[in-house]
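Protein chains in written order, with my numbering: chain A, -1 to 374; chain B, -1 to 374; chain C, 38 to 322; chain D, 38 to 322.
Honestly, the hints are just simulated from the structure, not real lab data. Please note that the accuracy of each hint is not assured.
[What the hints assert, rightly or not] Quick list of the computed label-pair ranges, beta carbon to beta carbon: (1) B/Q133 / C/L120: 27 to 35 Å; (2) B/S217 / A/G272: 49 to 57 Å; (3) D/R172 / C/K272: 36 to 44 Å; (4) B/L319 / A/E63: 36 to 44 Å; (5) D/V71 / C/V232: 39 to 47 Å; (6) D/R137 / B/R129: 53 to 61 Å; (7) B/N317 / A/K12: 54 to 62 Å; (8) B/Q133 / C/Y101: 47 to 55 Å.
[To be verified] Only pairs whose alpha carbons sit at most 25 Å apart, straight line, appear in this in silico DSS-like list of lysine-lysine: (9) A/K107 / D/K237; (10) B/K310 / A/K345; (11) B/K111 / C/K230.
Backbone N, C-alpha and C fix where the C-beta goes; we use that ideal spot for every residue, glycine too.
Spelled out, the chains give:
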Amino acid sequence: MVSPIVVMKDVVKKYGDLEVVKSLNLEVDSGEFLTLLGPSGCGKTTTLRMIAGFEAATSGIISVENERVEDKEPYERNVNTVFQNYSLFPHMSIFENVAYGLTVKKKKKAEIKEKVLEMLEMVQLNGYENRKPDQISGGQKQRVAIARALVNHPKVLLLDEPLGALDMKLRKQMQLELKRLQKKLGITFIFVTHDQEEALTMSDRIAVMNGGILEQVGSSKEIYDSPNTRFVADFIGESNLFEGLIKKFLNEKEMLVGTEVGDIPVRWLEGEIGENIDVCIRPEYLKFSPEKILHGVPAVVKDFIFAGSIIKTILQMNNGLELIVSTFTETEGIHLGDLVYVYWETKHAVPIRRKENLLMDVLAQTQREVFYHVEE
Amino acid sequence: MVSPIVVMKDVVKKYGDLEVVKSLNLEVDSGEFLTLLGPSGCGKTTTLRMIAGFEAATSGIISVENERVEDKEPYERNVNTVFQNYSLFPHMSIFENVAYGLTVKKKKKAEIKEKVLEMLEMVQLNGYENRKPDQISGGQKQRVAIARALVNHPKVLLLDEPLGALDMKLRKQMQLELKRLQKKLGITFIFVTHDQEEALTMSDRIAVMNGGILEQVGSSKEIYDSPNTRFVADFIGESNLFEGLIKKFLNEKEMLVGTEVGDIPVRWLEGEIGENIDVCIRPEYLKFSPEKILHGVPAVVKDFIFAGSIIKTILQMNNGLELIVSTFTETEGIHLGDLVYVYWETKHAVPIRRKENLLMDVLAQTQREVFYHVEE
Amino acid sequence: MSKSKMARLAVFSTVGPIFIWTVFLIVGPMVYIVIMSFMQKGLYGGVEKKFTVVAYQTIFEETYFKTILKSIIIAMKTTVLCLLLSYPFAYFITRQKKSRRSGLLLFIMLPFITSGLVRLYSWVILLNKTGIINRFLLDHHFISNSIQFLYNDNAVTLGLIYVFLPFAVLPIYNALEKIDQGLLDVSSDLGAKPVRTFLKVTLPLSASGVFASVVLVFVPAIGAYFIADILGGGKTLLAGNLIRSQFTTSKNWPFGAAISVFLLAVTLGMLYIYNKVGNLDDLGV
Amino acid sequence: MSKSKMARLAVFSTVGPIFIWTVFLIVGPMVYIVIMSFMQKGLYGGVEKKFTVVAYQTIFEETYFKTILKSIIIAMKTTVLCLLLSYPFAYFITRQKKSRRSGLLLFIMLPFITSGLVRLYSWVILLNKTGIINRFLLDHHFISNSIQFLYNDNAVTLGLIYVFLPFAVLPIYNALEKIDQGLLDVSSDLGAKPVRTFLKVTLPLSASGVFASVVLVFVPAIGAYFIADILGGGKTLLAGNLIRSQFTTSKNWPFGAAISVFLLAVTLGMLYIYNKVGNLDDLGV
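So here's chain A without its partners, still in its complex pose (with noise of 0.2 Å):
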């Protein structure tokens, strides 16, 4: 088993009354390319700084190779960080700017101009050595800024939304870049970004905050085929939601819910008949056709949205809400204005607890938690 490399347990931090990162619990395993991804104020970037430094926690755990940080300053720990907006030094050269980390540490001349010069490579920069910041392009800087803060080795690399200033094409490009210094250093990397295709992507895990909350953590894929929440749901990628309450229990995979538009099957959730859910179809699983389907929702075509690969057909059902459907290619034979019926595999029909359900669970958890305190 992979020890983890950095722990938070219940990190708290306020500023005044305002409470921005709320009780986080994380682990970040070894090696690891694990992304913080929510909106813009979702505390990603003060959970970030908490690790670095920057911010002090109101109250908590970090600790970083099982030692505990929260008291230390930024230079005293082994953690590096690339800022959004490259934040090189411009006054120094760009080979200054790698070696400032190796200077610091009173490294020897010839060690530091090795390192240097090997880093530069690494990030396709040979030659540039000698000019200033605002002589290169902006690609070019987010570049410096990595190599001046891997040169250093660090246990953990720490990257704030390092690739936001860059243009779309450019930004693949690194990306790419990003993950392959990665595999090939073997360094962890805790990587914050509000870009779901990035976090998607790029990352082994990703951790998916909202409101200060963390709001689920996992895999690229069980994030987007199995979201906890609501707000993972919408958040990442586009899905169809529709509210309903469980009716029957079809099999041990299955189960039908209600919803305004009709009865549904969807996959089994461990709850009870009655109780109040979401349920996610992503845009990609859903099929339609003109003829009637049993369990088929009917709808009305409304549009096409042409988006490259994909094309959105958008449907409208009798409860006046909208659906989206991805296929690769026009569906033959469907005209706006069509009545057709919508269905999809009932694998891919994904119930979701209601927050205020999870709040019960969390409550009798808590609740068990304490009884079990109270026996020892």
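Fit chains B, C and D to the known structure of chain A by using the hints.
Below, chains B, C and D alone, put in the same frame as chain A:
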């Protein structure tokens, strides 16, 4: 026929010796949503600013509503602009910002008030009129900037990467809102972006620019399915590109192209046998199978990338180059290292003329034109 | 105690005393002056520790009050003229190419690198009865008798403008340079002609710079005395001269202090009014 | 002609003359002084139109040169001490919460709103033989005879520091405030302790502000004379006093002009050296 509302003819923009826009010809139809798409520095913003009047064209003709505007100041042109960084007047309230254009035109106070409030309601900002720009969020600022431009009922609205500063989720929402506004008001939109997906989903037509040259103009579908140049194929969406030469015309729809990895069937092109061309196949049109297939290209499975709705399978061909195949679900029974055969429908293999050949065409055409003029 | 707290303490224990000392050095005398202005004058200079408002009453005696009022008016004139000269100048510079701007600024600042004193004397030499200008006018028979340009209020005002002009240019230039070109573009885009754009966008957004210029010109102008010495030739007295004579020849220290406090109050009052009128609270200034 | 060109012409025809006139007003006297310094002195003041370098030779006569040299040294001392006081002060302010900063700055600038003259006299009153400090020391038997704090070089230096300190604080504060907190974070992140971060990041990045402070303090300090008048009591003469006396009592105008030009040259030379040593070209200053 809809008459063009904006016409640019042989427009050139030079900064000193640097030609930023190279002999650009473009017609924008009335009521159309046209997007100028290209990477940073391709000249798209300069083109927009020439239409607005902030930059003077070095040569060429620009007309709006059949009236030449090259020598007109921005305040004399019936076009309005929404800027990337909002550019709200910091010393004025939201109301005063939106009212600015009407106040300048010396409209009556009651009329101004009515129109401004109506417009603020349209962008869902009623109740915000007394706030200052620094008291509202980024998305709200953007909406104020749009309202401030639209309240003047311009013939043409120019938008310079208006959503660049917003985060992913907000951006998607604003895209829908903008599209809705444009349809409702029937105003011609000229939209600048470097985001291909944004361009593909929003536009009636897309004009792809690169290095100051207009590479291709067409509907999202045309641009995506039949790119004219290698650049367009590469910049819009993902693409698999083969280099090859025309070997044989199979029938009036298909031809055979010889490449490093064997002969492949490709969509027909008006060309000559032996002509060097590129072939573009979109990742979602590629299929692969463990069994040998006629004209199938052998390749080894290198990687699976999970990108949310799409799973990308990376295949490596004999010549070392990689192919990307997109699917919605995992291909069962295929593992890393497996040898597979890649195939596709011929209509999805798009032949692309080489730039040098295109240049020859242009030269030939120019010669023809010169002759024509001489004959006159 | 965490290391971070210790580090912060270390910084404060070094910087703190210097900070306090600096504040004392700067604010202390100020407080002393205010106290002194409410005391009785000593017979041979100095003060006696009795509370009185005599010094303030003296200000409103006709001869003194005339001089002080004239000082204030001259300082206001100087300020307005400095603004009228420096605003177009600063505006002109910001309209130049970026590469050329700092050169132009340096050019205007160069003479400032030599002391105001010498530059004032060069004015004396240019303007006096036997100076170059008079000689030129006499030689070409524009005039038959030399004109005394010096030793009057206008000469003093000219001198004040001359010495304080650079102080007016810099803040306005800084404010103008900070204005986002995009805002001017937007204004033009929305149909505003250049004059309107200037009045509605440029001017309000440079108000903080104008305010700083007003402070930097009006404040020293109201207290200056050496300019009046040189260009006023003892005939045009300003409040500054009055203050100096109280501390030197007249030995009425409380009165000197009271004039200072009075001028400070006038200055603050004017700035307050300027602030209200200019609606600077809108700009967060 | 296009409308755009016409508009531009209109702007230039308004602003242009004011610009030229301002340049003339500012640079003209400067040129005149340089020319004058190479002329012969008239018998009763004024100059005779003969080229000579006598005025410059006079500078190097022992009595004069001593005074000028002392002036330069005092100005340098003043500059260095102002920097040492103002840097920690400005640094301290930038470390405060943003909302508190402008208040602190205003606080330090407040006394500056009253004229330097009055504040100097308050020092005289504090420091002279019958002043408060002497009285305190005598009353508590720390000393038996009053000490003359005034009328020496140190008093003059103190006065100079006192008057010019606000000029030193502002540019340094501006430079420090512009430094991106991210750069300090990066430095700490890469293992640099606070002192190293200060020396390697903060200090170099505030060099342009320090440079501006040096100019704003050294230049007026080298030419100031009224401070020497008041606190030096005629015993400590500075170059400024020398220049004034050439234009007034001694009536040797070319010599006065030559001293000015010489001091200007020294100033520019010092700034050049500072610039080279500080490697300010690296910072694009």
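Checked hints:
1. Against the hinted window of 27 to 35 Å, the Cβ-Cβ separation of B/Q133 and C/L120 comes to about 31 Å, which satisfies the hint.
2. In this structure, B/S217 and A/G272 meet the distance hint of 49 to 57 Å, their C-beta atoms being roughly 50 Å apart.
3. Remark: the range hint 36 to 44 Å for D/R172 to C/K272 is upheld by a beta-carbon distance near 40 Å.
4. A C-beta distance of roughly 42 Å is found between B/L319 and A/E63, which places it inside the suggested range of 36 to 44 Å.
5. Taken as a hint, the range 39 to 47 Å holds for the pair D/V71 and C/V232, whose Cβ atoms sit roughly 41 Å apart.
6. For the hinted restraint 53 to 61 Å between D/R137 and B/R129, the CB-CB distance of approximately 26 Å leaves it violated.
7. At roughly 58 Å, the beta-carbon separation of B/N317 and A/K12 lies within the given 54 to 62 Å, and the hint holds.
8. Between B/Q133 and C/Y101 the beta carbons are some 50 Å apart, a value that agrees with the proposed interval 47 to 55 Å.
9. Taken as a hint, the A/K107 and D/K237 pair is honoured in the structure, with Cα atoms around 18 Å apart against an allowance of 25 Å.
10. Pair hint B/K310 plus A/K345 holds up; C-alpha atoms about 22 Å apart against a cutoff of 25 Å.
11. A C-alpha spacing of about 22 Å is found between B/K111 and C/K230, which places the hinted pair at or below 25 Å, so the restraint holds.
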